[in-house]
Amino acid sequence: MGRQPCCDKLGVKKGPWTAEEDKKLINFILTNGQCCWRAVPKLAGLRRCGKSCRLRWTNYLRPDLKRGLLSEAEEQLVIDLHSRLGNRWSKIAGRLPGRTDNEIKNHWNTHIKKKLIKMGIDPVTHEPLNKEAEAAENHISETDGVGADSLEDNSSTPTENCDNSSTPTENCSSSVGSNSLDKFCNDESLLSSLWMNDEPPLIDASWDINIPAGGETCNGISLPSWEENCAWLLDCQDFGINDFGLDCLNDIELNTMNTLEMADKTVA
DNA sequence: AACTTAATCAACCGCTCCGCT
DNA sequence: AAGCGGAGCGGTTGATTAAGT
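All letters in the first sequence, in the order written, are residues 1 to 268 by UniProt numbering.
Take these hints with a grain of salt, some might be off.
[As the list claims (entries may be wrong)] Computed spacing ranges between beta-carbons, pair by pair:
#, residue 1, residue 2, range
1, K13, K114, 30 to 36 Å
2, P16, N87, 23 to 29 Å
3, K118, R38, 41 to 47 Å
4, P16, A39, 19 to 25 Å
5, L43, E72, 38 to 44 Å
6, C36, M119, 44 to 50 Å
7, P16, L69, 18 to 24 Å
8, G45, K113, 18 to 24 Å
9, T31, Y60, 17 to 23 Å
10, A73, P16, 29 to 35 Å
11, T18, R88, 45 to 51 Å
12, G120, Y60, 34 to 40 Å
13, N102, T18, 15 to 21 Å
[What the hints assert, rightly or not] Derived DSS-like pairs: lysine-lysine, alpha-carbon spacing no greater than 27 Å straight-line:
#, residue 1, residue 2
14, K113, K91
15, K66, K91
16, K91, K51
17, K23, K42
18, K115, K105
19, K66, K113
20, K51, K13
21, K105, K66
Derived by calculation from the structure, the hints in this document are not laboratory data. Note that beta-carbon positions come from the ideal geometry of N, C-alpha and C, so glycine has one too.
Model the full assembly from the supplied sequences, consistent with the hints where possible.
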């Protein structure tokens, strides 16, 4: 007796989203805002699962998304945050404006992991690899070969190895500081701003109202403008911006866009 | 040019969390 | 307090593209 599926599997489309579907979703959310995701497919006329709609929106269609590869600064930030938070991608993403958890997770798995290994750093514990091997050896000899279970425990995330009652920083000795990340990690102002609160609202969930103007920065990372973010949409050959239904934006949204346009011009 | 392998990333799946009743 | 449903998260998969032979 499993739980009910999140949506009726029958007649629900899967796989890559088409331009037409994107258009419908964007149109719906721009006019109605983000509401009950379960209801979105029906209301938007999509044969998709609500979950799929949410994912598509948050990972790809959201206008506040920064596209393209992570910059060096962002990468360093991800490494540092990962050493503190472990695989909590959404938390990490929350501290990188315009980036999604999926994007960061993918980037971690494809780029950063390899980079760290190459640098001799364990991407899981952020300890030097040789030190890790030594520790593992010591552990095995200490426990007299307890077996796979204990080894599995060792492979848990840094967060899991830390006392949850305090910040990971306090309990996890991040050896990252002994390598090229040193400089970055010692940037106290940046780190303190990151850790001032448990959940600093770097990204306002209500993006559709509080979209930062171009040229603004957050922790030294420049935020993209609405225009920059929408440029890729405009580049789509299959349809223009009007096809997305942007012509039916309500007054608030139009005002927001106008304000942003003005701000961009001022910056330029 | 054809094929194989590697890399990348969008999307899915199953689980947990959280708010509501 | 318990149960339910929706949202969100993290791990994984699979399609596509790029690079190498």
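Now for the hints, and whether the structure bears them out:
At about 35 Å, the CB distance of K13 to K114 agrees with the hint of 30 to 36 Å. Restraint check, P16 to N87: a C-beta distance of roughly 26 Å satisfies the suggested window 23 to 29 Å. Checked against the given bound of 41 to 47 Å, the beta carbons of K118 and R38, roughly 44 Å apart, stay inside it. Roughly 23 Å separates the CB atoms of P16 and A39, a value that falls within the hinted 19 to 25 Å.
Under the hint 38 to 44 Å, the C-beta atoms of L43 and E72, about 42 Å apart, fit the expected range. One distance hint, 44 to 50 Å for the beta-carbon pair C36 and M119, holds here, with the actual separation near 45 Å. Between P16 and L69 the CB atoms are about 21 Å apart, so this pair conforms to the stated range of 18 to 24 Å. Hint check: G45 to K113, Cβ distance near 40 Å, so the stated range 18 to 24 Å is violated.
Taking 17 to 23 Å as the suggested C-beta distance range, the pair T31 and Y60 conforms, at roughly 19 Å. The hinted range of 29 to 35 Å is satisfied by A73 and P16, whose Cβ atoms lie roughly 31 Å apart. The hint said 45 to 51 Å for the Cβ distance between T18 and R88, and at roughly 32 Å that hint is violated. Separation of G120 from Y60 is about 35 Å and conforms to the stated range, judged on CB atoms against 34 to 40 Å.
Checking the proposed 15 to 21 Å range against N102 and T18 shows it holds: the Cβ atoms sit about 20 Å from each other. For the suggested pair K113 and K91, the alpha carbons sit about 18 Å apart, so the restraint of at most 27 Å is met. Of the pairs offered as hints, the one joining K66 and K91 holds, with about 17 Å between alpha carbons and a cut-off of 27 Å not exceeded. As the CA atoms of K91 and K51 are separated by approximately 19 Å, the hinted pair is consistent with the 27 Å bound.
A distance of roughly 15 Å separates the Cα atoms of K23 and K42; the hinted pair therefore holds under the 27 Å criterion. The hinted pair formed by K115 and K105 meets the criterion: a straight-line CA distance of about 14 Å does not exceed 27 Å. Our distance criterion of 27 Å between C-alpha atoms is met by K66 and K113, whose separation comes to about 22 Å. Between K51 and K13, the direct Cα distance comes to roughly 12 Å. Compliance with the 27 Å bound is thereby established for this hinted pair.
At roughly 15 Å between alpha-carbon atoms, K105 and K66 fall within 27 Å of each other, so this suggested pair holds.
Checked against the numbered hints listed earlier, the structure breaks hints 8 and 11; every other hint is satisfied.
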